[in-house]
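Engineer: From first to last, the protein sequence lines are chains W and V.
Numbers 3 to 199, taken from our numbering, label the letters of the first sequence in order.
Numbers 3 to 199, taken from our numbering, label the letters of the second sequence in order.
Wrong hints could be hidden among the right ones.
Identical copies go unnamed one by one, so any copy, or any two together, can satisfy a pair.
Stated by the list, open to error - Here are the computed lysine-lysine pairs in the PhoX-like style, where the Cα-Cα straight-line distance is at most 25 Å: (1) 7 x 199; (2) 198 x 86; (3) 185 x 30; (4) 142 x 20; (5) 86 x 185; (6) 20 x 7; (7) 142 x 198; (8) 86 x 199; (9) 198 x 7; (10) 142 x 7; (11) 185 x 142.
Keep in mind the hints are simulated off the structure, nothing from the lab.
In this text, all values refer to a predicted model and were calculated from it rather than measured experimentally.
Number of protein chains: 2
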Amino acid sequence: MMITKDTPAHHPIHDIIKNRWSPRAFNKESLTELELSQIMEAARWAPSAMNEQPWRYIVARRDQTELFNMMLTPLAEGNSMWAKDAGALVLAISQQNYSGSGNPNRHAYHDLGLANAHLILQAEALGIRSHQMGGFDANKARELFEIPEGFEPLTYIALGRQGTHDHLADFLQEREAAPRQRKPQSEFVFQGSFGKK
Amino acid sequence: MMITKDTPAHHPIHDIIKNRWSPRAFNKESLTELELSQIMEAARWAPSAMNEQPWRYIVARRDQTELFNMMLTPLAEGNSMWAKDAGALVLAISQQNYSGSGNPNRHAYHDLGLANAHLILQAEALGIRSHQMGGFDANKARELFEIPEGFEPLTYIALGRQGTHDHLADFLQEREAAPRQRKPQSEFVFQGSFGKK
Chain W
3 MMITKDTPAH HPIHDIIKNR WSPRAFNKES LTELELSQIM EAARWAPSAM
53 NEQPWRYIVA RRDQTELFNM MLTPLAEGNS MWAKDAGALV LAISQQNYSG
103 SGNPNRHAYH DLGLANAHLI LQAEALGIRS HQMGGFDANK ARELFEIPEG
153 FEPLTYIALG RQGTHDHLAD FLQEREAAPR QRKPQSEFVF QGSFGKK
Chain V
3 MMITKDTPAH HPIHDIIKNR WSPRAFNKES LTELELSQIM EAARWAPSAM
53 NEQPWRYIVA RRDQTELFNM MLTPLAEGNS MWAKDAGALV LAISQQNYSG
103 SGNPNRHAYH DLGLANAHLI LQAEALGIRS HQMGGFDANK ARELFEIPEG
153 FEPLTYIALG RQGTHDHLAD FLQEREAAPR QRKPQSEFVF QGSFGKK
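Excised from the complex, chain W in its bound form:
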């Protein structure tokens, strides 16, 4: 059985934003080279402070078996147990200092977030779901992929077509079926003063 999710939005929003959610059940089909290129191209055109583009990615498609398995190894077991079924894996890395001046880039993580959102929404536009994971061994990833100092591996992204969830562990099946929830706007959109309205 394949889970469908309702997004109880309070105002009309674009389909690729409304329909996106983060499943753990993927169908083991590899992304194609073109699909992954389109998805990374969307990240490419994200905005960034001073157009610094402080994002780097290590990527592997499922059909690149050796690279794909290598990418699984830094993941926490609670993630790799389902991420192994993804069609591609992406490790998102930020450049902490400006290329030109070497000064710290206060917007590095933020701008990586902008690029990652472009990436996952482009995936959604192609019928490909995504699931971001903070649970991985950053030191192991740094060593394995020879990530230099000044660059910070921040988040993994599993990409793939959604699959049936019956084979997931019970506790994952529960999470998979849980309704989507967010704070109402009144708790994070303010006017004139923090916390107001």
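Once you've looked at the hints, dock chain V against the given chain W.
Structural biologist: Frame of chain W, contents of chain V only:
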């Protein structure tokens, strides 16, 4: 004259991602209450680590004259000189620690970036352009909007319909007309090892 921009994408990407860019020429038309609600609703549904939703926003529409002018004051002059023509202004703020445990949230800035990208792409879907600005006095903003400790005002976002650029200062007209440029994927998408491929 109104500038049009070409996005020389190397692979097909979704229109709202492809067509988005950050103008300085806005047409002084206010966003409606519904438009701003839709845009903030898109931010609401962004993903975040542990579903923490570490984003807060101070917002003002142009037709809320007093609030709008208040929001202009922390901006650097190089920004307020054109942002004053926007249809709404948004200050994006991150919550630095987890609400439950109080532990530092390493993904706070990143997840604010995810939400901001949802926000600007929803704007684009409504025909509303956006321009993010790091140039503002964060201490002034903190004082003015009574932003508590543990929250970090990170970026302003001007929203509005694009206008003609003839009235902009000459140096801004030049930037406005400059072609869109990004690194090729070969400089930020790697396989197996950082910098490879």
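Engineer: Indicate, hint by hint, whether the structure satisfies it.
Structural biologist: Hints versus structure:
no.: 1; hint: 7 x 199; in the structure: neither (30 Å within a copy, 38 Å between copies)
no.: 2; hint: 198 x 86; in the structure: between (45 Å within a copy, 23 Å between copies)
no.: 3; hint: 185 x 30; in the structure: neither (33 Å within a copy, 31 Å between copies)
no.: 4; hint: 142 x 20; in the structure: neither (35 Å within a copy, 35 Å between copies)
no.: 5; hint: 86 x 185; in the structure: neither (31 Å within a copy, 31 Å between copies)
no.: 6; hint: 20 x 7; in the structure: within (10 Å within a copy, 28 Å between copies)
no.: 7; hint: 142 x 198; in the structure: between (44 Å within a copy, 18 Å between copies)
no.: 8; hint: 86 x 199; in the structure: between (44 Å within a copy, 23 Å between copies)
no.: 9; hint: 198 x 7; in the structure: neither (32 Å within a copy, 38 Å between copies)
no.: 10; hint: 142 x 7; in the structure: neither (35 Å within a copy, 42 Å between copies)
no.: 11; hint: 185 x 142; in the structure: neither (35 Å within a copy, 28 Å between copies)
Going down the numbered hints, you'll see the structure goes against 1, 3, 4, 5, 9, 10 and 11, while the others check out.
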